[in-house]
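Chemist: Protein chains in written order, with full-length UniProt numbering: chain A, 1 to 269; chain B, 1 to 269.
Some hints could be false.
The list makes no distinction among identical chains, and a pair is therefore deemed to hold if it is satisfied within one copy or across any two copies.
[What the hints assert, rightly or not] The calculated BS3-like cross-link candidates involving lysine-lysine, where the alpha carbons are at most 27 Å apart (straight line), are:
no., residue 1, residue 2
1, Lys188, Lys87
2, Lys2, Lys257
3, Lys250, Lys87
4, Lys188, Lys111
5, Lys188, Lys257
6, Lys35, Lys2
7, Lys250, Lys111
8, Lys19, Lys111
9, Lys35, Lys87
10, Lys180, Lys2
11, Lys180, Lys111
12, Lys180, Lys257
13, Lys180, Lys250
Simulated from the structure, these hints should not be mistaken for lab results.
The primary structure of each chain is shown beneath.
Number of protein chains: 2
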Amino acid sequence: MKRSERLVSMTRYFLENPKEHTSLPYFSDQYDAAKSSISEDLTIIDRVIRQEGAGWLQTLPGASGGVSFQPSMAQERGGRFIADLCKTLADPARLLPGGYLYMSDILGDPKMVNQIGHILASAFSDREIDVVMTVATKGIPLAYAVAAVLNVPVVIVRRDAKVTEGSSVSINYVSGSPRKIQTMVLPKRSLHADANVCIIDDFMKAGGTINGMISLIGEFNANVQAIGVLAEADDEEEERVVQHYTSLIKISNVDLKQRTIDVRPGHYN
Amino acid sequence: MKRSERLVSMTRYFLENPKEHTSLPYFSDQYDAAKSSISEDLTIIDRVIRQEGAGWLQTLPGASGGVSFQPSMAQERGGRFIADLCKTLADPARLLPGGYLYMSDILGDPKMVNQIGHILASAFSDREIDVVMTVATKGIPLAYAVAAVLNVPVVIVRRDAKVTEGSSVSINYVSGSPRKIQTMVLPKRSLHADANVCIIDDFMKAGGTINGMISLIGEFNANVQAIGVLAEADDEEEERVVQHYTSLIKISNVDLKQRTIDVRPGHYN
Numbered sequence: 001m002k003r004s005e006r007l008v009s010m011t012r013y014f015l016e017n018p019k020e021h022t023s024l025p026y027f028s029d030q031y032d033a034a035k036s037s038i039s040e041d042l043t044i045i046d047r048v049i050r051q052e053g054a055g056w057l058q059t060l061p062g063a064s065g066g067v068s069f070q071p072s073m074a075q076e077r078g079g080r081f082i083a084d085l086c087k088t089l090a091d092p093a094r095l096l097p098g099g100y101l102y103m104s105d106i107l108g109d110p111k112m113v114n115q116i117g118h119i120l121a122s123a124f125s126d127r128e129i130d131v132v133m134t135v136a137t138k139g140i141p142l143a144y145a146v147a148a149v150l151n152v153p154v155v156i157v158r159r160d161a162k163v164t165e166g167s168s169v170s171i172n173y174v175s176g177s178p179r180k181i182q183t184m185v186l187p188k189r190s191l192h193a194d195a196n197v198c199i200i201d202d203f204m205k206a207g208g209t210i211n212g213m214i215s216l217i218g219e220f221n222a223n224v225q226a227i228g229v230l231a232e233a234d235d236e237e238e239e240r241v242v243q244h245y246t247s248l249i250k251i252s253n254v255d256l257k258q259r260t261i262d263v264r265p266g267h268y269n
Numbered sequence: 001m002k003r004s005e006r007l008v009s010m011t012r013y014f015l016e017n018p019k020e021h022t023s024l025p026y027f028s029d030q031y032d033a034a035k036s037s038i039s040e041d042l043t044i045i046d047r048v049i050r051q052e053g054a055g056w057l058q059t060l061p062g063a064s065g066g067v068s069f070q071p072s073m074a075q076e077r078g079g080r081f082i083a084d085l086c087k088t089l090a091d092p093a094r095l096l097p098g099g100y101l102y103m104s105d106i107l108g109d110p111k112m113v114n115q116i117g118h119i120l121a122s123a124f125s126d127r128e129i130d131v132v133m134t135v136a137t138k139g140i141p142l143a144y145a146v147a148a149v150l151n152v153p154v155v156i157v158r159r160d161a162k163v164t165e166g167s168s169v170s171i172n173y174v175s176g177s178p179r180k181i182q183t184m185v186l187p188k189r190s191l192h193a194d195a196n197v198c199i200i201d202d203f204m205k206a207g208g209t210i211n212g213m214i215s216l217i218g219e220f221n222a223n224v225q226a227i228g229v230l231a232e233a234d235d236e237e238e239e240r241v242v243q244h245y246t247s248l249i250k251i252s253n254v255d256l257k258q259r260t261i262d263v264r265p266g267h268y269n
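Kindly produce the complete structure, drawing on both the sequences and the hints.
Modeler: In structure tokens:
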């Protein structure tokens, strides 16, 4: 295979296998090419994806060495995306009863969801994460988008136990205004002790639901490593119970009578 | 930009924008390259993705002409994936009460889900599809995987109306054994009349749930264009109510006492 063809094939390989460690001999065999040629290919691919703010190739030397694609959306690209999103969401026609915001069109667009997933995953790229957790239903696509970038599985917490998942652990938690006691269930075999968990959800007000997931993770003796939400909103009636988290946008000054709203970039660095 | 770098960048562009029509002048501008060079690049990219059974570049001539990446998993690659999946799922330890099969590990793995989505989307590549529909919860990741390949949005049918989605249309349907009357809800603004819909779900027995979605689509005066499920299982008590569908695997001869099961490739062409 010629270099030009190899570059197309390898680029495809890296994009479809993020965070996967591959040895150089694998590529030499696959493309019947010298190790030095493969190294030059890797330099070219690395240069382009860095330039485009999409991540980089990480090369580990030595016998167990190899290369992996570390996807990461550049600060600047992420910032532009968030600014555009704020403009889209600031439309007062999106206001729903209870101070919620209509976001189903955004969350229903796979390309938007994948971009949001990339930005959140990039914010957590320095943390060790074994699994992404979310609660049914709206957070699910975002959780998969983050997990695809981090190359880890997803576990979905439910409001009720399903027959198709075997025995489970359930907890009660308080959420919503007015405050309500709710139940959250996770199948026993879906999370190991000591697992490093990244919690993802679409929307956070006081944070009761996310706090519920934190308690549930505690029941499994697993660790919360990161919390990411698409949007956070102030809740006037309750203080936020979750402290360390990443949000892409922050909704405030919701006035249902005047139909006004403030949408700004959230806690994202 | 040199050809080698351009090939990396363009490959990334096509993979991230499937089914999106892009004009050649866009690439000429973007990379400051002659149209003839861009054409040669496209020939190389097309050749590699065809060879690898991942799809092809479709070029439309003329003033409004351009190029789009048509993802399609080659029959052979899809067949190998399905054969492996059958082996994994044929484990009797997966049997659950009611003749269901534990598949949460498969459905929790973003890479598996994306592969399944590619195969289903490839089966529907010749049909006009505007939107992918699924019902909460388990079908959601598959629906997004299919929708990402088809470059269309997803709508999620729920069992109960949510405050964050505005007014909705609801129907009753019969599903499960014993047969039960259930409710299905879809927000009004999530589906247009005449929309061409692809229904996706994880599991089908008699097909009551999918039949419910078909009725709901009728209520919106939209059209069912395709139905795809990961797994179908025989239901001894009921005849299947859905006729034309694609399934990757078929589960039969489930014997909960002997703990035996047959898992074979489904209705996939």
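Chemist: Tell me, please, which holds for Lys188 and Lys257 at an alpha-carbon limit of 27 Å: within, between, both or neither?
Modeler: between (46 Å within a copy, 24 Å between copies)
Chemist: If the cut is 27 Å between Cα atoms, do Lys250 and Lys87 qualify within a copy, between copies, both or neither?
Modeler: within (12 Å within a copy, 47 Å between copies)
Chemist: Go through the copies and call it for Lys35 and Lys2: within, between, both or neither, with a Cα cutoff of 27 Å.
Modeler: So Lys35 and Lys2 pass the 27 Å test inside a copy (14 Å) and across (22 Å) alike.
Chemist: Within, between, both or neither: how does the pair Lys188, Lys87 come out at a Cα-Cα threshold of 27 Å?
Modeler: Result: close only across copies, 24 Å inter versus 42 Å intra.
Chemist: Could you figure out if Lys180 and Lys250 sit no more than 27 Å apart (CA to CA) within one copy, between two copies, both or neither?
Modeler: Answer is within: at 24 Å inside a copy they meet the 27 Å cutoff, but 42 Å across does not.
Chemist: Within a copy, between copies, both or neither: which one fits Lys2 and Lys257 at a CA-CA cutoff of 27 Å?
Modeler: neither (65 Å within a copy, 57 Å between copies)
Chemist: Reference check for the pair Lys188 and Lys111, CA-CA at most 27 Å: within, between, both, or neither?
Modeler: Between copies only: 23 Å across, 33 Å inside.
Chemist: Since the copies are identical, ignore which copy is meant and state whether Lys35 and Lys87 lie within 27 Å (CA to CA) inside a copy, between copies, both or neither.
Modeler: neither (49 Å within a copy, 36 Å between copies)
Chemist: Pop the pair Lys19 and Lys111 into one bin, within, between, both or neither, using alpha-carbon distances up to 27 Å.
Modeler: both (20 Å within a copy, 12 Å between copies)
Chemist: Could you figure out if Lys180 and Lys257 sit no more than 27 Å apart (CA to CA) within one copy, between two copies, both or neither?
Modeler: Classified as within: same-chain Cα gap 25 Å, cross-chain 43 Å, threshold 27 Å.
Chemist: Classify it for me, Lys180 with Lys2: is the Cα-Cα distance of at most 27 Å met within a copy, between copies, both or neither?
Modeler: neither (63 Å within a copy, 61 Å between copies)
Chemist: I want to check one pair: Lys180 and Lys111. Are their C-alpha atoms no more than 27 Å apart within a copy, between two copies, both, or neither?
Modeler: Neither way: Lys180 and Lys111 sit 35 Å apart in one copy and 37 Å across, limit 27 Å.
Checked against the numbered hints listed earlier, the structure breaks hints 2, 9, 10 and 11; every other hint is satisfied.
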